[in-house]
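Which chain is which? The protein sequence lines are P and X, in order.
Residues 1 to 201 (my numbering) make up the first sequence, in order.
Residues 1 to 339 (my numbering) make up the second sequence, in order.
It should be emphasised that the hints constitute simulated quantities derived from the structure, not laboratory data.
Even for Gly, the Cβ is constructed at its ideal location relative to N, Cα and C.
Nothing false has been slipped in among the hints.
Taking CB as the label site, the calculated pair distances span:
1. P/Q68 <-> X/V116: 47 to 57 Å
2. X/D17 <-> P/Q68: 19 to 29 Å
3. X/A106 <-> P/Y87: 47 to 57 Å
4. X/V114 <-> P/T84: 52 to 62 Å
5. P/E85 <-> X/A21: 34 to 44 Å
6. P/T77 <-> X/P16: 22 to 32 Å
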Amino acid sequence: MTDGDPDSAAMQRYASGEDAAFEGLYRKYQPRLYRYFLSSTGSEAVALDLYQETWMRVIRSRATYTPQSRFLTWVFTIAKNCLTEYYRAISRPAHVTQAIDIEDMGDEQHVTDSVLSPEESALLVQYTDQLYTALETLPQVQRDAVLFRYAAGMTISEIADLMNEKSETVKSRLRYALPKLRSMLRESLQLQELAGEHIRQ
Amino acid sequence: MTTENTPAQSSNSNLPDDIDASEADIASLFANQPLPQMKELDDLVLARASSAQHSFQEKGSGKAQKRAPDGSTVQNDNTVDSRQSKVVPFRQRDSFRHVFPGIFAAAAVVVLAVVVVPLIQQSPDGFSTDKERDGHSLSSDAVSSTADKASDVTSDLDSDADSADFAELPESSIRGFSQSLGADVSVKEAVESKIQTDSVVLEGTQETRQNKATTQSLAPTPLEAESTALMESQPESLEFSTSQDQTDAATDINAKSSSSAARTTTISTERSIKPTVETGINITASTTPVFRQTLTMWKEAILEMVTNDKRDEAKRELELLLEHYPQEAKSFKPFAEVD
Chain P
1 MTDGDPDSAA MQRYASGEDA AFEGLYRKYQ PRLYRYFLSS TGSEAVALDL YQETWMRVIR
61 SRATYTPQSR FLTWVFTIAK NCLTEYYRAI SRPAHVTQAI DIEDMGDEQH VTDSVLSPEE
121 SALLVQYTDQ LYTALETLPQ VQRDAVLFRY AAGMTISEIA DLMNEKSETV KSRLRYALPK
181 LRSMLRESLQ LQELAGEHIR Q
Chain X
1 MTTENTPAQS SNSNLPDDID ASEADIASLF ANQPLPQMKE LDDLVLARAS SAQHSFQEKG
61 SGKAQKRAPD GSTVQNDNTV DSRQSKVVPF RQRDSFRHVF PGIFAAAAVV VLAVVVVPLI
121 QQSPDGFSTD KERDGHSLSS DAVSSTADKA SDVTSDLDSD ADSADFAELP ESSIRGFSQS
181 LGADVSVKEA VESKIQTDSV VLEGTQETRQ NKATTQSLAP TPLEAESTAL MESQPESLEF
241 STSQDQTDAA TDINAKSSSS AARTTTISTE RSIKPTVETG INITASTTPV FRQTLTMWKE
301 AILEMVTNDK RDEAKRELEL LLEHYPQEAK SFKPFAEVD
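Based on the provided sequences and hints, a complete structural model is requested.
Structure follows, in structure tokens:
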């Protein structure tokens, strides 16, 4: 099942004592995991906590890791469990009350693909916040599919593998979710388009 | 689920496995989410990964496995090779670790058998074996033997007091004797009270104190001698109207005794605890010499007088003795015995 999965091989090497193999995996999955948690919780602090907890579990589970599935599926299964435990602990999704504070965003130095002005960063945070609100309106299964697809960057087959569903089912969920998101994020998409044009200039 | 599959079923195939241009706008929303500066967190996670890996190898916990390309696991012998013969090979350490629980279990069984079981089987008397119990019985016998001796001594003293002799005296003769001495009460009562007082001393409430008092009473103590001397020398001060007065006087006498202070205190206290002279009985004890208090003492005093060539005095005492003990003293021939 995992033949040809370089990430599984890297995890095996790490389990055998090769530290560099783990660092490669960490760098590769760092943004995907973080954005998955950030999009799911809407809180940067919570996202960082869950992100760290996920990696700690990966480290602790290295000896029992068996490449029965892709590494991506395995690590996001751990991430999903962390998120579920978090929701269970607070009994409701965090991003309802813990949206990212614009002022906090301004205090910290963030690494992005481009350099934005403070105003642009504020706009970006604004429509990102709208994204959380839009995700909140989606049914759980559609929201999960969207998060795995766009925040974690998974393929349809990977999502199907992770959610133990058929690929067609995942596609269907995404097809229903995307129009809703677009209608709710029209303003954010327009802002993003404007920001992109500004960056390109 | 039904709503998901029916209307969009035909368009599902349009969504590729990877994200395509139709999803680019939404995907870019997620991709543009800013990443915070996570250098510290990165360092923390990577350091944890490295340290966990190294401690894992140091421990040789048996989990370090090398996976074959086919997914099967093979034993990682790196820990053995890197340490050569300096450490126990991994497999041997693993086997040795399995031996430890057995050793501890065997030691625990031995401890249970040697220490705990005898303690559990120990009888309520505190001895686990008959031998120990017998050994303890010996010491108990010794103690009881000592107590018996003390009891015997007490009995001897009681018999020495000749209370039976006085009890057998006719009341009339005793009263006549006491009247001749000027006493307000019968000598019999006085003598009996004296005997009872001595018995109180000898029958102390506690066994150890009883033994001590008995030992002290076996031989005339300086206290007794001094008390007697005081009684003879200060007759007026020793008139008792109540038992409390007697107690106080006895305490006073004992206080005046400079020698054997400790023994004096012991005896005086015990006498004070159980005064035997009842309230209202006025005893003029000073008029009755001590040697006349018992028949034996009286006889010995007469014999001593004869021996010391105080025959006239001895004769008077003998007449008095015969007057008060006509039956008992009838066969007493002090002059014949001495001669």
